[in-house]
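Undergrad: Given the coordinates of chain B, work out where chain X with the ligand should sit on it, guided by the hints.
So you can see what is in the structure, the chains are spelled out below.
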Amino acid sequence: MNEKHSEIQEAEILVIGGGAAGLSAAAEAASAGAGVLVLESDLHLGGQLVKQTHKFFGSKDEYAGTRGFLIAGKLLEELSAYPDKVKTMTNTAAMGYYKNDGVVTAMRGEEEYFKLKPKRIVMATGAQERLIAFPNNDLPGVYGAGAVQTLMNVYGVSPGDRVLMVGAGNIGLIVSYQLIQAGVSVVGILEAMPNIGGYWVHAAKIRRLGVPILLRHTIRAALGSETVQGALVESLATGERFQLDCDIICMAVGLTPTAEMLWQAGCAMKYIPELCGHVPVRNKRQRTTHEDFWIAGDAAGIEEASAAMIEGRVAGLDAAASLGYSVDENRFDVFAERLNSLRRGDTAAKIRSGLEKVVAA
Amino acid sequence: MGTVSVFVDKAFKSGVLNGEQPGAVLPPDKLWESKKNGLVIIECPQRIPCNPCNTSCPAGAVKPFEDINDLPSVDYAKCTGCALCVATCPGLACFVVDLSFSNERALIKLPYEMLPLPDPGDEVECLDRVGEAVGPGRVEAVLEPLKDSTKVLVVSVKKNLILDVRAVRAVN
Ligand SMILES: Cc1cc2nc3c(=O)[nH]c(=O)nc-3n(C[C@H](O)[C@H](O)[C@H](O)COP(=O)(O)OP(=O)(O)OC[C@H]3O[C@@H](n4cnc5c(N)ncnc54)[C@H](O)[C@@H]3O)c2cc1C
Numbered sequence: 001m002n003e004k005h006s007e008i009q010e011a012e013i014l015v016i017g018g019g020a021a022g023l024s025a026a027a028e029a030a031s032a033g034a035g036v037l038v039l040e041s042d043l044h045l046g047g048q049l050v051k052q053t054h055k056f057f058g059s060k061d062e063y064a065g066t067r068g069f070l071i072a073g074k075l076l077e078e079l080s081a082y083p084d085k086v087k088t089m090t091n092t093a094a095m096g097y098y099k100n101d102g103v104v105t106a107m108r109g110e111e112e113y114f115k116l117k118p119k120r121i122v123m124a125t126g127a128q129e130r131l132i133a134f135p136n137n138d139l140p141g142v143y144g145a146g147a148v149q150t151l152m153n154v155y156g157v158s159p160g161d162r163v164l165m166v167g168a169g170n171i172g173l174i175v176s177y178q179l180i181q182a183g184v185s186v187v188g189i190l191e192a193m194p195n196i197g198g199y200w201v202h203a204a205k206i207r208r209l210g211v212p213i214l215l216r217h218t219i220r221a222a223l224g225s226e227t228v229q230g231a232l233v234e235s236l237a238t239g240e241r242f243q244l245d246c247d248i249i250c251m252a253v254g255l256t257p258t259a260e261m262l263w264q265a266g267c268a269m270k271y272i273p274e275l276c277g278h279v280p281v282r283n284k285r286q287r288t289t290h291e292d293f294w295i296a297g298d299a300a301g302i303e304e305a306s307a308a309m310i311e312g313r314v315a316g317l318d319a320a321a322s323l324g325y326s327v328d329e330n331r332f333d334v335f336a337e338r339l340n341s342l343r344r345g346d347t348a349a350k351i352r353s354g355l356e357k358v359v360a361a
Numbered sequence: 362m363g364t365v366s367v368f369v370d371k372a373f374k375s376g377v378l379n380g381e382q383p384g385a386v387l388p389p390d391k392l393w394e395s396k397k398n399g400l401v402i403i404e405c406p407q408r409i410p411c412n413p414c415n416t417s418c419p420a421g422a423v424k425p426f427e428d429i430n431d432l433p434s435v436d437y438a439k440c441t442g443c444a445l446c447v448a449t450c451p452g453l454a455c456f457v458v459d460l461s462f463s464n465e466r467a468l469i470k471l472p473y474e475m476l477p478l479p480d481p482g483d484e485v486e487c488l489d490r491v492g493e494a495v496g497p498g499r500v501e502a503v504l505e506p507l508k509d510s511t512k513v514l515v516v517s518v519k520k521n522l523i524l525d526v527r528a529v530r531a532v533n
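So the sequences go chain by chain: B and X. Residue numbers for the first sequence follow my numbering, so the first one is 1 and each next one is one higher. Residue numbers for the second sequence follow my numbering, so the first one is 362 and each next one is one higher.
Bound conformation, chain B alone (with noise of 0.2 Å):
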């Protein structure tokens, strides 16, 4: 182990991820006047949100209307008002945590490890891709979205020439356009469920670039040898197979919370379907069975980047003022009912339900 970190590192507040979640609850335990250490794996800072180049939706305090990547920006900004508080280190993961001694390890780089001392966790990891089994997935050119997304929009390389998209929820919707924006020609896009999962306008804005949606149709096998060629489909309706040229296929069949460490943490986990996966039990200030620990965003459940904001912002304040800082308590109802309205929606109803199982009254 190196030296120079073989000395535990103190912090007040630890939030780990830094996307849209942690950076909000940063900048709202920053403002109520606590340290805060974020440590972020990836090479920057922003999450999800740097690969977003489309315009969000939502409402005007969540930023609607602006393309996820400025909204980062907006966030950085907020940030950069508490020189003295807020601390980032991107390039470094937290790895484990330590039940008995709350001790946090973490790794910069590959090679440089390091130990920390929260006195409080926020953990906002956000979540991990889905992937489906089939024949021949792992052959060049299977892709999940995700990747797809950051090599096109971080990187700014082609994927490929004719991409299938499978999956027609938000992230295959929103993908889809991007990459036709980019020049990418998306042959079709499969979904099993009789429906399309995302949001009407977001299908309808590829529909009317002439991008056929298969419903109740799913890929069975990739096709070729070396490299992507085609795609075998099912049609769920009828059993009919048939082949289609791509060379790129890219999966965008959901996502899984990720927050590993609040297992070892000892937190009460449930699995929840609704929100994609297993979760932590938590009160509606975000806070979960281990006092130490908040939750916030993806890892708290697959929902919105509007929504992860606000949880991180009710983590980050609640964690400052289990530290003894002062806080407007008022701010707690204005971010309940800003959740509240978002939940309201008919398409919210799967959010509704699976937080009715794990919210702590």
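These are calculated hints, taken from the structure and not from any lab test. Just to be clear, a hint being listed does not mean it is correct.
As the list claims (entries may be wrong) - Per label pair, the in silico range of CB-to-CB distance: (1) B:Glu329 / X:Glu505: 37 to 47 Å; (2) X:Pro425 / B:Lys74: 20 to 30 Å; (3) X:Gly482 / B:His278: 34 to 44 Å.
Unchecked claim - With a straight-line Cα cutoff of 30 Å, these simulated BS3-like cross-link-like pairs (lysine-lysine) come out: (4) X:Lys371 / B:Lys350; (5) X:Lys371 / B:Lys60; (6) B:Lys119 / B:Lys99; (7) X:Lys508 / B:Lys60; (8) B:Lys74 / X:Lys424.
Said to hold, decoys possible - If you want a taste of the chain X side facing chain B, the calculated C-beta under 7 Å gives, among others: (9) Lys374; (10) Cys405; (11) Arg408; (12) Asn412; (13) Phe426; (14) Asp428; (15) Ile429; (16) Leu432; (17) Val491; (18) Val495; (19) Ala528; (20) Val532.
In this text the structure is predicted, and so the values were computed from the model without any measurement. A virtual CB, placed ideally from N, CA and C, is assigned to each residue, including glycine.
TA: Coordinates of chain X with the ligand only, in the frame set by chain B:
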């Protein structure tokens, strides 16, 4: 190997509007015919938590939302056809149609975020809600109301196409 054109699904549940419904209504005929600069058509028939059409409208024509999930509804007497909502809407679901342009042709103001960007005077291919070419259009102006990269193309088309054209493709 095949392509999917033969399977084109026009179902509402796959993202294709088929007729007026709440959140996707046409302006009243009479006002529409005479209104210089046009009136907005919003095609947003699903309750989602989103309200920039309302918050961006300088004329107060997109009615206030009681709940952020409300469907948009328009007070057409107030709409000035300014197309700020066209540029703002994250769902690209707002269009302005100006029937006063000429006897035979109407103007459609639509959002455009693709390359290449056509120039005023260029001919473009007009696309319907499933991307089928329905006829030529002429770019009359290229605007960028919010200076945020989303362009608003002002395209003239034959009047019989106004209910179908919802996108354009640059040709050349
Ligand atoms: C294509 C697409 C389009 C979207 N469009 C919209 C939209 O229009 N409107 C909307 O509201 N939402 C949208 N979203 C959703 C939105 O991006 C996410 O809900 C939001 O980013 C979640 O924020 P988060 O902070 O919880 O997670 P993330 O943004 O995923 O951030 C988590 C961060 O934690 C880091 N991390 C993970 N583990 C560790 C660790 N052990 N140590 C250190 N760092 C770690 C990750 O590297 C990541 O940067 C979209 C998502 C996608 C993929």
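Undergrad: Tell me the numbers of any earlier hints that the structure contravenes, in ascending order.
TA: 3, 5, 13, 16, 18 and 20
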